[in-house]
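From first to last, the protein sequence lines stand for chains A and E.
Sequential numbering from 11 applies to the first sequence in our numbering.
Sequential numbering from 54 applies to the second sequence in our numbering.
Among the clues, some could well be false.
As the list claims (entries may be wrong) - Derived DSBU-like pairs: lysine-lysine, alpha-carbon spacing no greater than 35 angstroms straight-line:
hint : chain 1 : residue 1 : chain 2 : residue 2
1    : E       : 105       : E       : 130
2    : A       : 80        : A       : 21
3    : A       : 80        : E       : 121
4    : E       : 109       : E       : 121
5    : E       : 113       : A       : 63
6    : A       : 67        : A       : 21
7    : E       : 109       : A       : 67
8    : E       : 121       : E       : 105
9    : A       : 67        : E       : 105
10   : A       : 80        : A       : 63
11   : A       : 67        : A       : 80
12   : A       : 63        : A       : 21
Stated by the list, open to error - Residues on chain A that point at chain E, a partial pick, calculated with CB under 8 angstroms:
hint : residue
13   : 26
14   : 50
15   : 51
16   : 52
17   : 58
18   : 60
19   : 61
20   : 85
21   : 87
22   : 88
23   : 107
24   : 110
25   : 115
26   : 118
Stated by the list, open to error - Every beta carbon over 12 angstroms from chain A, so not counted as near; a handful from chain E, in silico:
hint : residue
27   : 81
28   : 113
29   : 121
30   : 146
Calculated from the structure, these hints are not laboratory results.
Ideal placement from N, C-alpha and C gives every residue a C-beta, glycine not left out.
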Amino acid sequence: DAGITQSPRHKVTETGTPVTLRCHQTENHRYMYWYRQDPGHGLRLIHYSYGVKDTDKGEVSDGYSVSRSKTEDFLLTLESATSSQTSVYFCATRDRVQDNSPLHFGNGTRLTVT
Amino acid sequence: GDSVTQMEGPVTLSEEAFLTINCTYTATGYPSLFWYVQYPGEGLQLLLKATKADDKGSNKGFEATYRKETTSFHLEKGSVQVSDSAVYFCALSDPASGGSYIPTFGRGTSLIVHP
């Protein structure tokens, strides 16, 4: 769906290490989003991007940073991973917003911080 | 701010039973409403949407009607199948939330259908 590839699909890392998750899309969608999914919380927005080099914070952005140097790639970095960041991370893209087009999701990255 | 409230799950049904998953919302503006479905091990995918009051979205036998007077968008299906077992998310996108129309999601409702 919308050619969204997340990598890696699974990762185990130790507390205190930096981690980068990658989202790659082939549909030339302008908007990209990073969410985390946790039991009891549903989906929570971490960061989003509305164009190359244009990003903004979501509701749970502490401890995360993002970069978007090309339309097709949106990177999420955990600067110093903590156990509370163990989660499933989803990238989503959107072609446009004005007519409320839907989001297209990748298949997620399961991150475990030990 | 905007919010979406869904009934808590899991909802457990036998095959061919009638399904209703309740969803209510609060929004500053006049939002568009969505249902997404997440199958095990996958990301969310759009199931249906409605963009104005009294619109009915439908797909794969699922339906939901945009009820502005009750601020609701309940998901229904007349006869569920085992393959419908998944997590269902209600969501809204509000033009009054700023230029980026950031979607707001409910917490999801797990549906388990037994043969």
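Hints, one by one, checked against the model:
1. 105/E to 130/E: It holds: about 21 angstroms lies between the C-alpha atoms, which stays within 35 angstroms.
2. 80/A to 21/A: 24 angstroms, holds
3. 80/A to 121/E: Since the Cα atoms of residue 80/A and residue 121/E sit roughly 40 angstroms apart, the hinted pair is violated (cutoff 35 angstroms).
4. 109/E to 121/E: 12 angstroms, holds
5. 113/E to 63/A: The given pair, whose Cα atoms are some 39 angstroms apart, is violated under the 35 angstroms limit.
6. 67/A to 21/A: It holds: about 24 angstroms lies between the C-alpha atoms, which stays within 35 angstroms.
7. 109/E to 67/A: Holds, at roughly 33 angstroms.
8. 121/E to 105/E: 8 angstroms, holds
9. 67/A to 105/E: The hint holds at about 29 angstroms.
10. 80/A to 63/A: With a Cα-Cα distance of about 8 angstroms, the restraint between residue 80/A and residue 63/A holds, given a limit of 35 angstroms.
11. 67/A to 80/A: 19 angstroms, holds
12. 63/A to 21/A: Judged against 35 angstroms, a Cα distance of about 27 angstroms means the pair holds.
13. 26: At about 29 angstroms, which exceeds the 8 angstroms cut-off, the nearest Cβ of chain E leaves the hint on residue 26/A violated.
14. 50: Since the shortest Cβ distance to chain E is 7 angstroms, the answer is holds.
15. 51: 7 angstroms, holds
16. 52: This hint holds: residue 52/A lies near chain E, its Cβ roughly 4 angstroms from the closest one there, short of 8 angstroms.
17. 58: Holds: closest Cβ of chain E sits about 7 angstroms from residue 58/A, inside 8 angstroms.
18. 60: 6 angstroms, holds
19. 61: 11 angstroms, violated
20. 85: Given a least distance of 18 angstroms, the restraint on residue 85/A is violated.
21. 87: 21 angstroms, violated
22. 88: Violated: closest Cβ of chain E sits about 20 angstroms from residue 88/A, beyond 8 angstroms.
23. 107: 4 angstroms, holds
24. 110: The hint holds - residue 110/A has a Cβ within 8 angstroms of chain E, the shortest such distance being about 4 angstroms.
25. 115: 3 angstroms, holds
26. 118: 6 angstroms, holds
27. 81: For residue 81/E, whose nearest Cβ neighbour in chain A is about 15 angstroms away, the distance exceeds 12 angstroms, so it holds.
28. 113: 15 angstroms, holds
29. 121: 15 angstroms, holds
30. 146: 5 angstroms, violated
Taken one by one, the earlier hints fail for this structure at numbers 3, 5, 13, 19, 20, 21, 22, 30, listed in ascending order.
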